[in-house]
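Engineer: Here is how the chains run, residue by residue.
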Amino acid sequence: MIEIKKTLPIRIILLSALFFTTLCGLAQEKEKITPTVTLQYLKNSEDQRILHAVLTYSKDRMEIPLQGFGISFFKGTGKELVTSVVTDSKGIATVEIGKDQKLASDSKGMWTFSSEFKGNDTIDACTAEVTVKDVILEVSLTGDSIRTVTLRAFSLENGKEVPAKGEVVKVGVPRMFSQLPIGEVTLDDSGSGSLEFPSDLPGDKDGNLTIIAKFEENPTFGNVEKINIVKWGIPSDYTKPTVHRALWTKVAPRWMIITLTILLSGVWGHYLYAVISLVRIRIDARKKEKEEHRL
Amino acid sequence: MQADNKLLKDLTPEIENTSYRWYAVFFIFLVFFAIGIYGLIQQIDKGHIVTGMRDNVVWGFYIVNFIFFMGLSYSGALISGVLHLFGTQWRKPIIRMAELITVISLVIGPFFIFFCIGRLDRLYFLFIYPRIQSPITWDVIAIMTDLVGCFIYLYLSFIEDFAILRDYADLNVPEWKKKLYRILSLGFTGTEKQLKILGNARTIMSAMIIAIAIIVYSVLAWIFGVTLQPGWHSTIFGPYFVIAAVYSGTGLLIILMWIFRKIYHLEEYITRRHFVNVGVLLTVIAAFYGYFTFSDYLTKWYGSIKMDSILIDKLFTEYYSLFIFANYIGILLPGIIIAFPKFRTIPNITVAAAIALLALWVNRYIIVIPTLETPFLPIQDTRPAWINYAPTWVEWALTIAGVSIFAMLFMLISKIAPIISISEMQEKDKEEILH
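Chain order of the listed sequences is A and B.
Residue 1 is where the first sequence starts when you use this note's numbering, and the numbers rise one by one after that.
Residue 1 is where the second sequence starts when you use this note's numbering, and the numbers rise one by one after that.
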C-alpha cells in the first residue's frame, strides 16, 4: 500500500505527460493537401505532340504549385505508360511524344492521354485526362497589296480528309508580352477560311513578322498551332536610343548626382575634420607623455 | 585631468554601484525584449502572415516605430546641437541625455525596417544595385551618414569625461572599466591646445548634426511625400516631419530627465528650471506642430480630391479617437499645462511630455495606416479581411521590445559614463547652469 502511495504521483505525472503528448500530436496532425493536375495537349508547328501537366493545390483562393513530384504520363485507353517527369518550381511537367510513336485511336479516331500523380502521406493522388483528335492545319500567306491568310484544317479518317468545319482558328502576332490578336476565322464546310492581314504592323529590322494560326483549347483538337514568318511588317529600327537620364532610367539625373555629391562630400568632409581632431589630440597627448617621461 | 570633487562624488556613484532595483528593472526590460525576440523568431519561421500586414496595408507597426525612433534620434541631435551651438548655459546637465537619445534611437530605428522586409536575404541588393533616384537609397545613405556623425559627436562630448574618470583616483570600478577610460580618453589631459582642438571639433559637429538631422528626417518624410498616395503626397511633409520629430524628442527628453533625476537623485543638478525651459520649448514646438498639422489637413480637405476626401472621412470616423488624441489633445494639452505658470510643476511638465510623446506615436500611426487602407487603385485579388489593419501580438511584442532595448541601452550606458556631463558642469558660474 505504501509502495502504491509513493509511486502514485509519479504515475499521474507520467500519464498526464502521455495524455498531453498525444493531444499535441493529434493537434499537430496536418490535413492532407488535395491537389489538382491539369493536362493540356499541344501540337506545335513542327508537328511535335507535347503533353503539359500542371500540379497545384488551392490555398486561400490561390493556386500554389507543387514542385518536385513525379507525374506519370499515359497514352491510350489502356493507359500505356509513356514516361514520368518531375514537376519544376511552377509545378509543371512536360513530355514530348515523338512523331514516330504509334498512338492507338478509338472508334471515333480520338487519342486519349492521361497524367497521374500518385500522392503520398501528405498529398492526395489526382489524375487528369485529355482526349483529342489529330488535325492538320495548313496556312498559306498570299497577296502583296492586300495580304490574306488562308487556312485549311482537316483530319484523316481511314486515309480520307474530313474538313474541320465550323471550328474557330485564331490568328495572332507575338509582341513583347503576349500575342496581338489579328482575327478569328470560322472554317466553312470545306474546312477553309481566310482573313485579311493588316499592312501597318511593325516587324523586325527586315520587316519580318511571325504569324501564328492556332486552335486554342479546342474541345476536339486541343491546342494546335502553325507558325509562319513572312516579310509583311514595316521594317523597324530597334537600336537603343541614347541613354536618357530620368527617375525611371538606370542613370540618375545629373542634378541629383551633383547635389548628392556636394551634400555627402560636405558632410563627410566635416566628419574627417572631426576624426583628424581626435588624432591631433592623441598625438598631442603622446607628446606630452613623452615629455613627462623624459623629465 | 582633475574635476570638482563634489561633482565627482555626486555623479560617479551611478557608475560605481549597481543596486538591486537596477537589476530588477533591467530584468523586466530583458523579459519584454526576450518576448519580442520570440515573436521575431515566429515571424522568421512562419513569415509575415503572423503580422497584421497584408496586400493592402503593407506597412504597419514596424514602419510607425521606425519613423518614431528615427524622429526621436533627429530631435535629440537637433536639441543638443542647437543648445551647444548657441552656448546655452542651462543645457549642460541635460545635453548628454539628448545626445544619448540621438544615438540609441538611431541604432534601434532601422531594425524595424528589417522586421518589415519580407525578403531580408535580399537586403544587400540595396547596396549592390543602388539607384540614386530611389528615396529608399537616399534613406540608406542618410541613415548611415547620420549614424557615423552622431557617434562622432557623442564621442567628442564624452572624451573629457573619460579623461576625468581615468584620473579620478577614488573611483571604485573594475579594472576593465579603468582600462576602457584610458583607451577612450585618447590621453586627453585638458591642455589649452587639446581643449581648443576639441572645442572646434565639437562646434563644427554640433552645427553639422543639426543640418544632417534636418536633411535626414526630410529624406524620410520624402519617402512618403514623393509617393502618389492619398494623404502622403504633400510638399509640407519634410518640415512637418522635422517639427513632429523635435516635438516627440523634447517630450522624451523631459521624461528621461524626470526618470534619471529620480533614480540617481540628481535633484541638485536637474532642477525645476530645466523642466520649465524644456517645457516651454515643448510648448513652442507644439504650436508649430499644430500649425503644420492644420495646414496639411486643411489643404487636403479644401482641395476635395476624391481619395483625400475619403481619407479625411476615414480619419474622422474609423480613426476618430486616435485622430483627436494625436492632433488635438496631443497638441493642446501639453501646451495648456506648460503655458500657465501655475501648472508648471515637474510632475505636470512630465505628464505633458508623456502625452506629447504618445500623441506623436499615434500621429505616425494615422499617417501610415489609413492611407494604405485607402488605395488609389483597387488591389488585385484582395479580400475584405485585408482592407483594415490590426496589429498582432508579434508586432506588439517587437514594439515593446524596441522600447525595452532603448531603456536597457540607456541603463547600460549610464553604468559606463555619467548621465550628466561632469566636464560641462565644471563651470564656475553654477547659478547660471542650475537656477
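Treat the hints with care, as some may be off.
[Claimed, not checked] Chain B is faced by these chain A residues, among others (derived, beta-carbon under 7 Å):
id, residue
1, 68
2, 247
3, 269
4, 271
5, 272
6, 282
7, 284
To be clear, the hints were calculated from the coordinates, so they are not data collected in a lab.
Values in this document were obtained by computation on a predicted structure and should not be read as measured data.
All C-beta atoms, glycine included, are put in the ideal place defined by N, C-alpha and C.
Engineer: Of all the hints given earlier, name the ones this structure violates by number, lowest first.
Structural biologist: Hints 1, 3, 5 are the ones this structure does not satisfy, whereas the remaining hints hold.
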